[in-house]
Structures are given as C-alpha cells and as structure tokens.
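Protein chains: 4
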Amino acid sequence: MKYQTCAVLICIIWDFVHLNIYQFHNFVTVFTRSMASKTQVGFVGLGNMGNPMAKNLLKHGYPVIATDVFPESCKEVQELGAQVIVDNPAEVAEKADRIITMLPSSPNVIDVYTGPNGILKKVKKGSLLIDSSTIDPSVSKEMAAAAEKLGAVFMDAPVSGGVGAASSGKLTFMVGGAEEEFTAAKELLSCMGANVVYCGQVGTGQAAKICNNMLLAIGMIGTSETMNLGIRLGLDPKLLAKILNMSSGRCWSSDTYNPVPGVMEGVPSGNNYQGGFGTQLMAKDLGLAQNTATNTRTPAPLGSLAHQIYRMMCARGYANKDFSSVFQFLREEEGQ
Amino acid sequence: MKYQTCAVLICIIWDFVHLNIYQFHNFVTVFTRSMASKTQVGFVGLGNMGNPMAKNLLKHGYPVIATDVFPESCKEVQELGAQVIVDNPAEVAEKADRIITMLPSSPNVIDVYTGPNGILKKVKKGSLLIDSSTIDPSVSKEMAAAAEKLGAVFMDAPVSGGVGAASSGKLTFMVGGAEEEFTAAKELLSCMGANVVYCGQVGTGQAAKICNNMLLAIGMIGTSETMNLGIRLGLDPKLLAKILNMSSGRCWSSDTYNPVPGVMEGVPSGNNYQGGFGTQLMAKDLGLAQNTATNTRTPAPLGSLAHQIYRMMCARGYANKDFSSVFQFLREEEGQ
Amino acid sequence: MKYQTCAVLICIIWDFVHLNIYQFHNFVTVFTRSMASKTQVGFVGLGNMGNPMAKNLLKHGYPVIATDVFPESCKEVQELGAQVIVDNPAEVAEKADRIITMLPSSPNVIDVYTGPNGILKKVKKGSLLIDSSTIDPSVSKEMAAAAEKLGAVFMDAPVSGGVGAASSGKLTFMVGGAEEEFTAAKELLSCMGANVVYCGQVGTGQAAKICNNMLLAIGMIGTSETMNLGIRLGLDPKLLAKILNMSSGRCWSSDTYNPVPGVMEGVPSGNNYQGGFGTQLMAKDLGLAQNTATNTRTPAPLGSLAHQIYRMMCARGYANKDFSSVFQFLREEEGQ
Amino acid sequence: MKYQTCAVLICIIWDFVHLNIYQFHNFVTVFTRSMASKTQVGFVGLGNMGNPMAKNLLKHGYPVIATDVFPESCKEVQELGAQVIVDNPAEVAEKADRIITMLPSSPNVIDVYTGPNGILKKVKKGSLLIDSSTIDPSVSKEMAAAAEKLGAVFMDAPVSGGVGAASSGKLTFMVGGAEEEFTAAKELLSCMGANVVYCGQVGTGQAAKICNNMLLAIGMIGTSETMNLGIRLGLDPKLLAKILNMSSGRCWSSDTYNPVPGVMEGVPSGNNYQGGFGTQLMAKDLGLAQNTATNTRTPAPLGSLAHQIYRMMCARGYANKDFSSVFQFLREEEGQ
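Chains as they are written, first to last, in this note's numbering: chain A, 454 to 789; chain B, 454 to 789; chain C, 454 to 789; chain D, 454 to 789.
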C-alpha cells in the first residue's frame, strides 16, 4: 500500500475496462483512501480499550485526531502527538475521512454518529467509519444505512481480547460491511490487531462477536459446574481437567482458562479472579445476545440461562471479578 | 500362578523385605492374577457394546466365559470360541476370577452382582470384578463394599466411545478403584480400549464419565444455539464455525462434531443425525449427573437444563437420533 | 366544550382558588375533553382486537374516525357508522383530539406516531393519545416525550383479555401516564373494558401487563410440569388439581385455566388447545419481558426460561395453539 | 367408631355374606384396630415436627410409646405421659400395632423400617404403619412391599404445614395406600391435622406433596422475579401485587405469602425472612422432585431450574432463611 508504482496502477486500471460504473466508483473511493495512508485517522472513544488502540495507530505512523466525552481521557495520546478535540465527533469527521469509534454501548454509538455533534453531521463523502464497539447488530445496520445516505461507508468491527491484547496490538477484529471496503479497513485494523476476519454484510461482525461470547459463557459456566461436581465426587481437579481436555467435554474454558484455582497458571482463577474479562462485561454481552435472539425469535435456552446467572452474579457482588469466578459463585459451601 | 519362574519371583521377593504384610498380600493377589494372563475371563452383558468388547478379549487370546439374560446375545462370541452359560453370573464367578460386566443401568448392575444368581453369591477370594456400565457412582461404591467383604476387588471402568470404538478396540476407560489393582485391570482393558485412565478411588471412573458427558451436552446445546443464532443474524455457518474454533467459544462440539449439516464431514449432522450417540442415551447420562448433583447438593444449572432439553427431545421424537440433533430441534422455522 | 352549564363551572371554579396555575391549566385541558364526550374519537389499528373495541365505542355513542394499513379492516366499523380514512393516522389526528391506537408491536407504534403520516405530524394541542398496544415500556416513554413536546398527552393502556373480552367489553386496561389525565382516559376505556386500573407514570401500564404475563407463563409451565409429574407418579389429574388448589401450589393456571384435558370444562385444554391465548403471542410478550429485564439489568431466570420454552414451542408447531398446550408439548410419550 | 351398637354390627355382618374371604380378613383387621382406639400408638422420630405431633396424640387420649435416636428428644413427651424406649423401633413395633414415623429423609426411613432394630423386625401382623416423612415415593413403595410380606400395612402420609401447624394440630396430611385402610389412618391423623386427604395407592401421598412443593417453588421464584422487574420498571410493589392478584398472574406466593417486604403483613418477608419454610428444606424437596422426575423420565424444566436456584442460594448463605428470600437473592443492587 505504501510503495505503489505507476506500473501497478496501470495494471489495475487495465483490468477495469470491464467493470461497470458503480464498481469503478467504489474502486476510486477505496483507492483514494488507500492512497491516503498516513493521512489523519479520527478516533472517538479513548477509554480503557480505545486508548491503547489509538496509541498503536500512532506507533504505526498514522496521525490521529481524537475526541472523547471526558477530555482527560485524551491526554495520553495527545502527549504522543495526537491532535485532540473537545468532545466533538462532528469536528473529527470534518478533518478525517477514516474514523474509528470505540464506545461502551448502543446508545453511545447512536449519539456519536447521529447526535447533534455526531459524525454524520459533518461526514465527508467516501469516508470510512469503523465502529469497534460491541453493540446490537441492528444498531450497526441503522448506522450503516444512515452513513450510506451521506455517501460514507460504515463497518462494524468489534474486538475479541481485552486491555492486554489492545496494548500489545494482538486484538482479533470481526468485521462486517461491504466486502470491497474490507482491504481499506484491514489496513488500519492490522495496526491494532493480530487477526482481522471478514464476516459478511454489515452487522455480522457484531453477530460473530456476540455468538462467540455467548458460547464462551456457556462453556465457562458448564466447565465450572462440571469441575465442581467432579470435585465433590472425589476427583482431583487437575486430573479431571486433564480427562475432560482429552475427551469430548473439552472446551476453551477447560483447557485454556480453567476456572478452578490451582489447575492452571497465568489465568485469573489463580489470582483470586482479578484481571481478565469482568462479569459485568460478560453480562452486557449476554444481554446483547439475548436481545438479538429475542428479536430474531431464535431459541437460546442455555445462552439465556447463562445471561441470568451472570446477571445474578452482578447482583451478588461479582460484577468486577473475572467471569470465570462463576466457579466460586456456584461452589461456596453450605451453611450447615 | 501357573508359569512362574523362580528367578523373577526371587527378585521380586528381594524387594519385599521392606513391605508390610498387608502390602505383601496385595502383591500376591495382583501378581497371581497378572501371571494368570490367558486364564479365563468372565463377561456379563453381551449387548451392543459388550459383544464387540468380548470379541476383542478373544482376539487377544483370552478364553472368555460369557453370560447374558438373552441367550441369543451370546451366539456370536460362542462361535468365536467363548464358553457360554445361560443367564447365570454366579456360575461365571465360580469359574473365572476376572470378570467384566457391561450392563444398561444401575438396577441391572445391582442384580448381576447381588441378586440370587449374582456374582457375589459365588465369587472367589481375590477375584477382580470390573464394571464398565455407566451407573450412579454411589452404586459402584456399594458394589465395591460388598465385594470387599468377600475378599474380592470391584472397580468401576465406564467407557467413552460408542459401538464403533468398541469394535475397533479404541474405547477410553475411566477407572476407579484401589490403585494397586489398576495394573491388573489395565491388562484386560487395554485389549478393548486405546486409553485406560486411572481416576482415583472407586466411583471416580463413573464420576469422570458423568462429568465429561454433562459438559459435552452443555457444549453441544450451546454450540447448536450459537450456530442457529449466528445463521439467523446472517453469518455463513462454515465461517462462523471457523471463527468460533479460533476463538474462546471453541469446544469439541464446534470443532470436532459440529451439529450443523454441511459444516463438517463424517459426523452425524451430515447424515440426518443417524448413528452417533443417541439422544436417549445422553438423557440417561444427564439423569445420572442430575441425581449425583442432587445427592451431593451441588448446583449445576446448565447441566440441569441440558438434561431437561434432552428429556423434552425424547418426548418429541428425537430419542433415537444423535444427540447433535438438538440443532434441528431448536431450529425449525415458525409456522407463521 | 360545547355544552357547559354555568352552574357547574362556577362550583368548580370556586374550588379552584387554592390551585396553582399549572394545575389550573391541566384542569382546563381535562375538563375540556371530558365535556367533549361524544365528540369524535380516532381509532388507529382495526385488527382482531381493535375492531371489537372500536365497535364498543360506537355502541356507547361515540362518533369514531378510523384508519388502518389494510382498508378492508375498516369495513365493519364503517358499516356501523364510523368515518374511515385510508391509512393516514395524521389525518385522524387532524380531526379528533382523542385517539386510541391498537397495534401489533413496537415498530408499528413508532411508525403510527412518528412516521411521515404519523399522528404527531398533525396532532392538536391538548389531544389525548391512548395506546393499547402491548409494547416495550421504553417505547411508550419515547412516544410520551415526543407527544409532550407538541402539547399532547400520551398514555399507555395495554389490555388483558382476548378477542372474546374485547367483543363483550370486558377487557382490563392497565393505564400509565399523568394521573390527572386518568379520568379522561377512563371515560373512553370504560366503554371497552370492565376494569381500568391506574398503574403510575407512563410506561407502567406496559410494565404491569408484561409482569402479569411473565408470571402467568411461569405459572402455566409450572402447572403443566407438575400435573405431568403427578400423573406419572400415579395421581389422578383431577384429584391432583384439587389438592394443589387447596394448597400452596395454587395458581390461576391450576385453578382457573388448567392445562390438562379433562380436568376442567370451558378452557382450551378441553378443546384441543384451540382458542384462548396463542403460544406465539405469549412468546412475544415474554420477549418484551426479556428485553425489559435485560435493559434494566434485572435477573429473571424463570421468566427467561419460560420465554425460551414458548420460543421452542413456536419452532415445533405450537405457534397457534393456546399457550396451555405446553402441557402437551412436555408430555408426549417417549418412542421406546 | 367409639359408640358402636350391636345393631350396627349386625347390619355390617349382614352385608358381609357376599364378600370373599380376603375382603373379610381386611375388614376384621381394620375393625380390630378401630376397636383398638385408645390402645397404644407408637411414634418414631421426635424432632421439631414429631414432637408436637406426638403431643397432639397424647392430648387426644392416645397412649403413646415413643423412640428416637436422640433420647433427649423424648423427654417432653415422657413428661406428658408417653412411654419412652431408647432408640429401638423394633421394640415399639412389638408393643404397638399402630405406629407413626416422622423422619428427616429416605435413608432414615429405610433404617427405621428395615434396619437391624427396625420396625419390620418385630412388626405384628395387621399392624398399621404410617410414615409422615417427606421422602422419595419409590422408597415408600419399597417399605409398603416389605411390610405387606409380613402382613402389615404401610401408608405414606407426608404433611404440609410447618412447626406451627404441627403444634396447633392444623397440618394437612396427604395419604397414599390401600383405600380400605384410610379410615383407620384418618382416625389417628385427624388428631394432628385439619385436613387428611386420600391421594391413591401407596406413594401418591409423597407424590402430591412433592408436586405441590415444586409448583410452590416455581410460583415463589416467579413472583419474586416479577415483583422485582415491576419495581425496577417504576411500579409500586403493593399496587403490582394487587394487579397480579386480580389477574392471571395470581398465585399463592403473590396473594398469600408475598416475598416483597412491606407488601403484606404476617409473612416472613416482613420479618427479614426469618421463620417460615427454610430454603434448605425447599432445596431438599426440590431434590426429591428432581430425582422423581428423572426416574420417571418426565421433563420438568422450571422445576429443575427452581431446584438449582435454591441450591445456589444454599451455597450463598440463604440456607436457613425462609424460601421467599429468593426475592432478596435476586434483587440486591449491582456494585457499579
């Protein structure tokens, strides 16, 4: 992308004589932005995740123009050279034609895109808008439709991996949106993640994220119940984990992130369930899964119960513990 | 017993000077039986699983003496050289000091061991009794206690793997019982299985089996819900499976036995859910898990709901389909 | 407005000397509309429920001006004297200052109120807008806020009772909105229902409806499981129902709408689960409950599982049967 | 029963000429015991429930002969005139031909009836054995079969109502067993309870008890979720309870034993969930329901989840609170 020669350009144009006007238009848009490499990239939402992500963009040489509702959140990236604007996504959109948003939930995304100072108020034609928030896929679709009316492209690209992966640039991005825009999106996302997976039409990035986390929650609670039951039946926890992991009960929660203290090193269960992926965040994602299942009238009995269990845990003081603490939640001894 | 060489015996006795009498007694027992290789092995329960298991014992050169409530079940092994006795476990126990039992459920095991014609009526001192049925671990413990009173050893050794694995001698045995007897048990079980895992005290073989199958059921239903939800949200099933399998949602049901037709080859979902592990059998194992959890007062919310779902499936015509048919059960389109 | 007598007005004004300006303004609004009895009432949504409701308004002497997306739905009320407008809620709002809406779901309500031809496009100041649809309470709140900006009043007034109760004017209305408007709303709703209950601020009518139906679904499934279990344990169903109904297991589903055929007369279980309240409608209401619980981060484990069960039933051919058919769904005999 | 005249006796005998010998034998047995009124009644199990029950027998003039594993449990009834035997049910059976047992769980019942010092070791022909423990109905059937072999009659008669009802003689007895013995059983049970309901063959008393408590648990959790959801949606709890109680959501837990503090007086929710029916006891009964459902292969999804929730509560410190404390368990506010 960085060292294009006219020769390449000619070859590409050569191939173009058979394409129709619409495709050509898209090509030009993509090509323009690609050429625009190292031009400013907007970043909205400099929270726990957004901060290290923006830093990785800076590290890769992209000029960043950032904004956040909390001005102090932008200090770090400002010191690293980013231009900072006080809580005004519209102004960012005026200055950058590639923008990444990383926000806590659907209402924030709606506000940042369609609010009075929203991106869409001043978005330039041909802009590429990438939302890495985890939100309801139907909201992603709405944003994409609104952007399209203004000649801009919206893609959803939620991440898997936590603050650690964000800092080390090892996130996984699950990307939904027009396939012909994927290359341009990948250029930026590759600076922040190790895997950038194209999932399909807009909203499917969210869908993949939500699906994965729903199955993850089910696997984690299932592993916790199973380990707990096995221990009560006299099995050694390490041996039980070993047996499960060589059998059909095997899952990521049993073989990579075991919730039982002492079975594995370097996981939150070994550290009193600190760090990792908070119960409250899992409850949020399961809420999205639940809403999505409800809206598409899809039965999801275990996903639904997993949601309820994480919700109960939030009500009982586990909100900020790692989600593998469900083992502890289920296990404590009876009074008598 | 019959073919000892003095040299070996002397070496072993040499090591024995530091052992106490009890250990010596055990040693002699174990040694006796180990040496007894190729003496008769009893086999009670020649059903779908027991039949190929007994054949594999014959193939490995063990004389087999078999019995079953249905005499015709014994025909095949009889033709292969087994001695057959008409429905009388006690008589088998009179003639063989190593017996394997493979029965459908707890009441059958109780009857075969402690009934009027039960093994324990005529069991010889020092006999090794291995039960490969999948039953309640508390029943295994009862049988072990009853056998011990008569000077015999009872071990539980339930299997994982179906009729195919039984035929090809690729079963996995999960073995519970006195550790010093494990070698003797393994000698026989290795003829019928590829993995023989020692799990701990008597009953822990059952515990491991039950735990694995509970987590398997949870993973399978979870995978089915998740795939179904993803498909409804516009994801391609193969792509979704790929994403899950490289992420934290990964489990055996998603990466090895995917329940969605067309995602994987060589699994029951590709064959209209025929073959494999029947829904009714899974419901039975989940019933055991449920009883065990109830009796040990262990919460198992997802395992419990998984049990209910497989129970509902049995009530709705899925009893004889592979347990991955839960995908189909959850998915069918709405009338309107 | 048109037929006030000075005497009444004077008495009322007499009481008014202690009221502040704001209250006086409200009084005038309410008073005006109350006096306006027998002026035109708008009706949007002439479906299975809306049709008999509008007829009851006509019966009570109210001139009705009706509209629906399907013009043919308005034929019956037209023949009974209603003025009919072709699919244009805005035009209805231009002509009537009291409007009742009865629509299938949240998106329809949003469209009828805020769409291009929506009520709010032409609503008159001081109008009373009553929505009897069952929708998400957060949508009711949005509609109320939008109406308030235009000087109109929006109340939610979902119903309990089906087509039969709608025809006989025996519905129960659960009403949310400004308390000072309740009298005016009740005047109209009393023509269509036997009970009109004030629930609190806007949205609480929906909340009450959703809560009731969630508990109803739980009670119905619970009764079905319990009756089924009791029958399998050898109890006579009528006797079991009698015992439950005199004990702490008693609920509406056991004593008034028993799901077991033969236990009670005049209920859908006695008529092959025809008529009554459809499984699909229950699934919809439980979906609302689920969304509402998720959005307010409220654990609702049984409500959530009830939702899943009704959703599974829809997937298995029960969509149009009465919701008490869950007894049948859970009960069918096993194949073997 | 007490004031028979020869005339009556003659009439009865007159009717007897058409009866066969077996029936006559039964008649004589029943008649004999009935005549035996005010002869000694055995009582095994003088715990929290058994103590007040035995006292009520004494109050009604029955000589009581009591035993318990804890001799001190018998002190009170001894002071009131009961004959006490040190932990020996067999000896009680030697002296009394009507015995009531009130024990904590199935294993205790098995021991008291069939153990080395068990009732059946010395039971007299024609004795009436009434077990008021709440246990697995299959154990009741086993005991009945064992008693029948010895010419004695066993009936199950579990109670509903707690220590208060036991003291005031207001228990409800649900009785299973031979119908022709019901009159004799009722004579005794009426001294201790206000309702004595015949449920059918042996085991159906347990079945009725278990079914009622399963539905009760479902109703209680359902009511708690519903009230909690309604409150979060802005409804006043008293108003919501009122609406539910006049609608289809109505159940015993909403209208008689509401779990929300302040809604109702004189219930445990108004007293910090002290007194009432403990969570641990409910968990035990739900465990019985679960085992019974599993053994009869009956789906019970909500009953099963209710069991899990009460089990989780036990693990989280609610074991000794009233079972309506599930409202508190589900409700506590989130940390953040």
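Hints are not guaranteed to be accurate.
Note that the list lumps identical chains together, so a pair holds whenever it fits in one copy or between two copies.
What the hints assert, rightly or not - Straight-line distance between alpha carbons at most 25 Å, and here's what the computed BS3-like set of lysine-lysine pairs gives:
(1) K594 <-> K695
(2) K691 <-> K594
(3) K691 <-> K577
(4) K578 <-> K594
(5) K577 <-> K491
(6) K695 <-> K623
Simulated from the structure, these hints should not be mistaken for lab results.
Now for the hints, and whether the structure bears them out:
Taking the closest pair of Cα atoms, K594 and K695 come within 25 Å of each other only across two copies (24 Å); inside a single copy the shortest separation is 43 Å, beyond that limit. Taking CA atoms no more than 25 Å apart as the test, K691 paired with K594 passes between copies only; the shortest distance there is 23 Å, against 45 Å inside one copy. Proximity of K691 and K577 under a CA criterion of 25 Å is satisfied in neither setting, with 57 Å inside one chain copy and 37 Å between copies. Taking the shortest alpha-carbon separations for K578 and K594, only the intra-copy value of 19 Å comes in at or below 25 Å, while the best inter-copy value is 36 Å.
Taking identical chains as interchangeable, the C-alpha atoms of K577 and K491 lie at most 25 Å apart only when both belong to the same chain, with a minimum of 18 Å there against 55 Å between chains. In the homo-oligomer, the alpha carbons of K695 and K623 lie at most 25 Å apart only across protomers (19 Å), although the nearest pairing inside one protomer, at 28 Å, exceeds that limit.
Violation of the numbered hints given earlier is confined to hint 3; every other hint is satisfied by the structure.
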